[in-house]
Every structure is written in C-alpha cells, then in structure tokens.
Amino acid sequence: MKYLALIYAEDKANPHPGTPEFGKMMAGYQAASEKYQEDGVILGGEALQPVETATSIRIRNGKTELMDGPFAETKEQLGGFYLFECETLDDAIKYAKMIPTAEYGTVEVRPIQTYEFD
Amino acid sequence: MIRATPDAVHTAIEYTLRQDRGHLIAALVAATRDFELAEECLQDAIEVALKDWPKNGIPKSRRGWLLQVARRRAIDRIRRAKNLTEKAAQIAILEDTTPTDPHDIPDHRLRLIFTCCHPALAEKTRVALTLRTLGGLTTEEVARAFLDKPTAMGQRLSRARAKISKARIPFVIPDGPDLPARITSVLSVIYLVFNEGYAATEGDAQIRVDLCEEAIFLARMMLGFCPEDTEVAGLLALILLSHARRAARNATAQYVPLSEHNRSLWNKRLIGEGQEILQSALRKGQVGPYQLQASISALHCEAAHAQETDWAQIAALYRLLAQMNPSAVVHLNLAVALSYCEGPASALECLLELRGPLEDYQPYHAARADILMRVGQVGEARAAYEQALQLTQIESERVWLLERQKSLGTKKRGRARSSALSPTGR
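Heads up: the protein sequence lines correspond to chains A and B, in order. Counting along the first sequence from 1, when you hit position 22 you're at 57 in this note's numbering, and nothing is skipped either side. Counting along the second sequence from 1, when you hit position 296 you're at 853 in this note's numbering, and nothing is skipped either side.
Bound conformation, chain A alone (with noise of 0.2 Å):
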C-alpha cells in the first residue's frame, strides 16, 4: 500500500534559515530520509515553494477557474510531502512520526487509491 505524508505547519512556526533551530529541523528531515532509504519504504518526497506559489484549480460546469492560493486557507500550509511504500497504516504512521515538522505543524497521512482494471 503506498501513503501519501503530507506536512503542514504554519509559516511563521518553520525555523529561519540560518537559526540554530533551523540547522537542527534540517538535520532531522536527513536523518529521517535516511532512514526511509534504509528501510526501503520511500517513494518520493518533496519540499514545496512557499503557500504564495500556489494556484487552485477548479472546474464548474465545465468553466475552469483558477484561484490565486492554496486550496483551503487555513493557517497551517503544505510544505512538503514523502510517498510512503508501507503494510500497513501503523508502519505509514510510524514514519510519518519521524518527520521533524511533526514537532509543531501536521502531517497528514492519506492512503494511496488504486486502480484494478482487468
């Protein structure tokens, strides 16, 4: 089953480049990865751009509207996201209790839908 980690944290909660803070988040997300590699269970990860980079998108009766910004506009913001390749939702849980922003955002973790076709 693959999971997708997806982490929020609200911006001014993320540590300044340069702060001793940072260099430790820093350090954290590569221990972690590290970890995931190890075990095998990683599919992919990614850092976002910042929240202002966003655009939604939407179609109603087949009208495209595109808005400036993420999707909901809550205070915590996707930043980044790891695809997990795990047995069970404890094992997604498990590593997705390793991810540094953990400590003070979300991260949410969502199963991957499959497809059967024949």
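Keep in mind the hints are simulated off the structure, nothing from the lab. One or more hints might be untrue.
To be verified - Computed, partial: chain B to chain A, Cβ under 7 Å: (1) A677; (2) K723; (3) A724; (4) R725; (5) P727; (6) I730.
Claimed, not checked - As a list, the in silico DSBU-like pairs of lysine-lysine whose alpha-carbon atoms are at most 35 Å apart: (7) A/K129 / B/K720; (8) A/K70 / B/K723; (9) A/K47 / B/K963; (10) A/K37 / A/K132; (11) B/K706 / B/K723; (12) A/K132 / B/K720; (13) A/K110 / B/K720; (14) A/K132 / B/K723; (15) A/K98 / B/K825; (16) B/K720 / A/K70; (17) A/K129 / A/K59; (18) A/K110 / B/K706; (19) A/K59 / A/K98; (20) A/K132 / B/K617; (21) A/K129 / B/K617; (22) A/K47 / A/K37; (23) B/K681 / B/K723; (24) B/K681 / A/K110; (25) A/K37 / B/K681; (26) A/K59 / A/K47; (27) A/K37 / B/K720; (28) A/K110 / B/K723; (29) A/K129 / B/K841; (30) B/K723 / A/K37; (31) B/K825 / B/K681; (32) A/K37 / A/K70; (33) A/K98 / B/K720; (34) B/K681 / B/K706; (35) B/K681 / A/K47; (36) B/K825 / A/K129.
Even glycine gets a Cβ: it sits at the ideal position worked out from N, Cα and C.
Knowing the structure of chain A, use the given hints to seat chain B on it.
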C-alpha cells in the same frame, strides 16, 4: 431437525448476535483481513438463516452455522471480485482456516478491540464501533446510546469500516513502544462503554445492563492480556464496584442518589471481587486514575450507612486524582467530599472557582444547591436547583431535582422547624 416458527427464528438469531457477534466478526476479519467484507458476509449469513431455519430447523451450533455460511459467502464474494491473482491468497487463507468442528472458533476478539479502538479513528467512532462490533448492539441501539439519528450513526460506522479497510488499519495486537498508548485507548473506550450503560437513567434498561456487562467482559479480557498492568485492573475494579450498586440505584423508577441507597441491595459478590482486584493492583505500587476512582468507589462500598462514609479519605483520593487529571469535574467531586469532612462553607468557595468551566453542567448546580441548602442559604439553593433543572433532559433526574427544590419551599415557608416537620399541616 424440526421446523421452527419465524418468531422463534428471529429470537434465536437476535440472541445469537447479541451473545456472539463480536466473536463471529473477529473470526471473519481474521480470515478475510477485511472489515467491510466481514460485516457484509455476516449480514448475508443472517439473511440465509432467516430463510433456512424456518424450513430446516434451528441448528444446534448457531454460531458455527452462521460462521460457515459467512465464510462461504466471503469466498464467493472474493471470487466474483476482479484481480483474482491477488485474491487467490485470501481464498487460500479462508479455506485453510475453516475449522472442522463448528464449536472450535478461535477467539480473535482481543485483536478486534485493538482495531476498533485504533487512534486513527475519532474517539466517538471508537466507542460506537466497539459497541456495534464487539457489544452486539444494533446500529439503532448504538444510535440511541449516543442520542444520534440511526442514519447518522450508520454512516459513521460504515465510514469507520471503510477507513479500516482502505487505510489498512491492521488487525493485530500491537507491540513495542506503541503498546502502552494503545492499551490506554482501549481502556478509555471500555470506560465510555460502561458510562453509557451506567450514567443514563432513561432509555432501554436491558441495553444499559448489557453495556455494563459488555464493559466488564472487555475489561476482563484486557486484564487477561496484560495481568501486570495496574490500570487495567483498576478499571475492572472500578466497573465491578459501580455495577455492584446497580440494583439500589434503580430500586425505583426515580433516580436514587448514593446517599439514599438501600445498601442491602448492593451485590456483595461483585464488591468482594472488585475489592480483591483493586487491592492486588494497589500492592504493585503504580497508582493511576482508574485505581484512584476504584478506591473511592470501594470506600463508598465499605460504608454500611451513608453517614459512615470516610469522606476525609475520599477527599484525599480526589486530591491525588486532581493532580493526575486536573479536570473541573474532578474538582467538583473534591468539593463535594470536602463539604462533608471540612464543612459546606469551605466547599462553597471551591465551587465558586469552578463556575466558569461547569456553567452548563447539571451536577454542578445540583451539588451547589445541596451545599447552599446545608448552610441555610435557601433562596440561593432554590435558584441553583432551577439552573440544574434547566440543564437536565432526563425525566427521572428532573423529578428528583424538583422534589428537592420543593422540600426547600416548605422549609422556607415555615422558617420555624415545627412547620418544616409537618408541611401539610396548614
């Protein structure tokens, strides 16, 4: 076998499901690894039984019969599904694990409760799913326990089953560093199941007794799984000691507060068992909130009359509990205990601080009214009963509160003691 009337078949199925639903679902989930499929196949088996039993008679092992039919249905449903290569393994497990003796159904209920109480589900959903799946309650009965609409509860339950299947919440007994938190989650669900049965004084009496007994069964099962866990023992003791007082609480149609219980109606066997479990847990020296609450309950059980209650010790236990679990409700209970061992005046001060968080909590106003009455502030006591009355939706509670409020009236009118003694002597 002899034919059975449709009524007899209905009763037999209803009884079997109430007794064995959890056992059956656990066995089916263990075999299919699919919560939704297990539910559907049991439903199929029930429908087959409704047609078959009136013609061919009610089988001796109803549980075994239902399980066999549900398993065959599961195999059929899997075969019909696409992607047969992947499903072949699932069918192999199902065929392999079919017991030759229908009485010999392995018990997977422990795994099932850990799945139902998985922290990836909302707390209310955990309780509802446990009641439906392990408790054998119908969706309508679960809805009634929560004062929800059956359709809303049905949707909640099916969303939960879909999440368990689609997100692959595992059907395993957890181990490793997660175990303590997972046990805590199961205990709080069992506690809530018990509360559903214990707290309300209205609704279907039989369902409420069943809920309490289900909670006792689940707590015993957990204690069998982790006999060294003192909080599991504490919870079982707490439930046994509270359940032991049931007959006295429900002696009349009206709500009977602890101070007015006919204590000869208390179940001494349950009290003895609860005390024994509690003592052996306390000796291990790892005290926790459930053991403290059980200790308080045990002190109530030890008093032959309400006046003999050891309120000083109860207050000390509530103080400890408030340190571990600093909730306003615990502080309210502490204030009530203090009103008996240190006097109502100091308790009133404590109550003042709790007003904010407990403004909408009926027992707060009822307790305050009682304490106000004891210090002679009759007018304020009446107003406090009025607030309590506005917050209660349970008829028997309303009647009880009204009577308390009325008894104030006679005291006030008289002012002199003699008039209070003969309220009707006008």
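List of violated hint numbers, smallest to largest: 6, 9, 15, 19, 20, 21, 36
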